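S.K.: Start from chain A and add chain B according to the hints.
Taken in sequence, the protein lines are chains A and B.
Letter by letter, the first sequence follows residues -17 to 231 in our numbering.
Letter by letter, the second sequence follows residues -17 to 231 in our numbering.
Calculated directly from the structure, the hints in this document are not laboratory data.
Certain hints may be false.
Given that identical chains are not distinguished, each listed pair holds provided it fits within a single copy or across any two copies.
[As the list claims (entries may be wrong)] With a cut-off of at most 25 Å between alpha-carbon atoms, the simulated SDA-like pairs for lysine to any residue come out as follows:
no. : residue 1 : residue 2
1   : Lys63     : Ala(-8)
2   : Lys23     : Asp190
3   : Lys63     : Asp81
4   : Lys149    : Asp159
5   : Lys149    : Thr121
6   : Lys14     : Asn83
7   : Lys156    : Leu119
8   : Lys14     : Tyr213
9   : Lys23     : Glu88
10  : Lys156    : Arg135
11  : Lys14     : Thr(-16)
12  : Lys63     : Val(-4)
13  : Lys185    : Ile67
14  : Lys185    : Glu88
15  : Lys185    : Ala(-13)
16  : Lys14     : Arg(-15)
17  : Lys156    : Gln128
18  : Lys39     : Asp215
These numbers were taken from a predicted model, which means no experiment stands behind them.
Protein chains: 2
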Amino acid sequence: MTRRAGQVLASVEVVAGYSTYIDLVRPLIDGKEIISTGMTKEVARVEAAIEQALAGKSCAIVSSGDAGIYAMAGLVFETCKIKGIAMVPPGSDSKAANDKNILRLEVVPGIPALCAGAALLGAPLTHDFAAISLSDLLTPWELIEQRLEAAARADFVIVLYNPKSKKRNWQLGKARDIILRHRDKDTPVGIVSRAMRAEQNIKIVTLDDMHTAEVDMQTTVFIGSSTSSKYMDFMYTPRGYAKKYEIQS
Amino acid sequence: MTRRAGQVLASVEVVAGYSTYIDLVRPLIDGKEIISTGMTKEVARVEAAIEQALAGKSCAIVSSGDAGIYAMAGLVFETCKIKGIAMVPPGSDSKAANDKNILRLEVVPGIPALCAGAALLGAPLTHDFAAISLSDLLTPWELIEQRLEAAARADFVIVLYNPKSKKRNWQLGKARDIILRHRDKDTPVGIVSRAMRAEQNIKIVTLDDMHTAEVDMQTTVFIGSSTSSKYMDFMYTPRGYAKKYEIQS
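Chain A with its partners taken away, still in its complex shape (with noise of 0.2 Å):
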């Protein structure tokens, strides 16, 4: 946690988010209103925050790792642009900032789950990378797939998001297959779940076995470019100074 996400939960009146998340900062918000949902329950959580904060109280939404990846803030922007809301950022010095219909937002950058897990791995990507989320459930699979095909074939280290839950285990075999087409089947695969929670998980696989390895929607599933190699328990994807500037040996 960064110490500006620790100040706005110490100043904020009302704290929202999915039951899971507000556990782990339940320290931190003793005595503050709490909006707690389900974990489908993302649209009703933003406007009751919404809400809140149109009425007057300070309120901040809770996310794991980074807000604005895969998470929570886009959908406040989704959700004020189809209402019509009107809103400022947090240093906007217009009048505007002072008017009660129009919110002010911040949005605070935290340790998203693509840095938490490559710390833990090592430097996978210390290169051009791309992150999917394999989940369909609001993307079309045959986009995901487009993807898939793209980011393999230009050689991007791949990041992968959601790779599986209860309802959806095909989709790791087949993100696979297609990098396969374009990766050798020995490129490291690194597979962390829970990163710096409790049963935190590292393992580094190869691509031919990553669809056989145990992860679940708290995984996050990095595959190396054709450059990144293991190196003890590490993984890691070399900038490049080693061919340009030669280190000794």
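M.R.: This is chain B only, laid out in the frame that chain A set:
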């Protein structure tokens, strides 16, 4: 800065880093031994830090943003692999962890420019995205072009690192031309310089005008996908909730 980064800086004996970044944490490292070098001396800096650590001193290498995204973490692994230096993660309980020829290495994740910049713009990265560095110092330009083409074609949001430097001034214009083959000229492009630092600068332009915007080595460029849009002074990419759950206007 995260709490963990603060703890690590407080606990180490030696801090190594590019002089600009050392200056940013100067108040936190008073009295510590400092290895500070210029911008192109990354290899020397990392070698010196590793030497100190192997000599028994705890040593932190600081990067701006996240150490694992286009930053120094990868170079530590590149260097150790070439030099054949064994390394273990911090929690390692193997006997090896006490061997003085073995490096105990922890990568501390941070807020990458892509998260800090996205938060300032709104929520441009709520859906699949690709990060591409336009620096052809360590990467052949042909590969960079191939990645731009692939990411544009598959409708990724595209985050450009190192868009321009004093010596490299044509790459951003070329990137624009490639992306325009697949994306509307009115696509919103967020341009963030020195996110969260003094002289921070935020602007939203169109893809058509992207190459004329003021950018430098401290700028990150966010090119929207076909679904990204501008609302008020913000830029965001919908996850797709509106379509699925029908947010009421």
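S.K.: Against this structure, judge whether each hint is valid.
M.R.: Quick rundown of the hints versus the structure:
1. Neither within a single protomer nor between protomers do lysine 63 and alanine -8 lie at most 25 Å apart by alpha-carbon distance, with minima of 28 Å and 44 Å respectively.
2. In this homomeric assembly, lysine 23 and aspartate 190 never come within 25 Å of each other (Cα to Cα): the closest approach is 37 Å inside a single copy and 38 Å across copies.
3. In this homomeric assembly, lysine 63 and aspartate 81 come within 25 Å of each other (Cα to Cα) only inside a single copy, at 18 Å, whereas the closest approach across copies is 59 Å.
4. For the homomeric pair lysine 149 and aspartate 159, the shortest alpha-carbon distance inside one copy (20 Å) is at most 25 Å, but the shortest distance between copies (42 Å) is not.
5. Taking the shortest Cα distances, lysine 149 and threonine 121 sit within 25 Å of each other inside one copy (15 Å), while across copies they are farther apart (41 Å).
6. For the homomeric pair lysine 14 and asparagine 83, the shortest alpha-carbon distance inside one copy (23 Å) is at most 25 Å, but the shortest distance between copies (51 Å) is not.
7. Taking the closest pair of Cα atoms, lysine 156 and leucine 119 come within 25 Å of each other only inside a single copy of the chain (16 Å); across copies the shortest separation is 36 Å, beyond that limit.
8. In this assembly of identical chains, lysine 14 and tyrosine 213 lie within 25 Å of each other by CA distance neither inside one copy nor across copies; the values are 47 Å within and 31 Å between.
9. In the homo-oligomer, the alpha carbons of lysine 23 and glutamate 88 lie at most 25 Å apart inside one protomer (22 Å), although the nearest pairing across protomers, at 37 Å, exceeds that limit.
10. In this homomeric assembly, lysine 156 and arginine 135 come within 25 Å of each other (Cα to Cα) both inside a single copy, at 16 Å, and across copies, at 21 Å.
11. Taking the shortest Cα distances, lysine 14 and threonine -16 sit within 25 Å of each other both inside one copy (20 Å) and across copies (23 Å).
12. Proximity of lysine 63 to valine -4 under the C-alpha cut-off of 25 Å is restricted to the intra-copy arrangement: shortest distance 22 Å within a copy versus 50 Å between copies.
13. Taking CA atoms no more than 25 Å apart as the test, lysine 185 paired with isoleucine 67 passes between copies only; the shortest distance there is 21 Å, against 45 Å inside one copy.
14. Proximity of lysine 185 to glutamate 88 under the C-alpha cut-off of 25 Å is restricted to the inter-copy arrangement: shortest distance 16 Å between copies versus 36 Å within a copy.
15. In this assembly of identical chains, the alpha carbons of lysine 185 and alanine -13 lie at most 25 Å apart only when taken from different copies (24 Å versus 30 Å within one copy).
16. Taking the closest pair of Cα atoms, lysine 14 and arginine -15 come within 25 Å of each other both inside a single copy (19 Å) and across two copies (23 Å).
17. Taking the closest pair of Cα atoms, lysine 156 and glutamine 128 come within 25 Å of each other both inside a single copy (12 Å) and across two copies (24 Å).
18. Taking identical chains as interchangeable, the C-alpha atoms of lysine 39 and aspartate 215 lie at most 25 Å apart only when they sit on different chains, with a minimum of 23 Å there against 48 Å within one chain.
The structure fails hints 1, 2, 8 (numbered hints given earlier, in ascending order).
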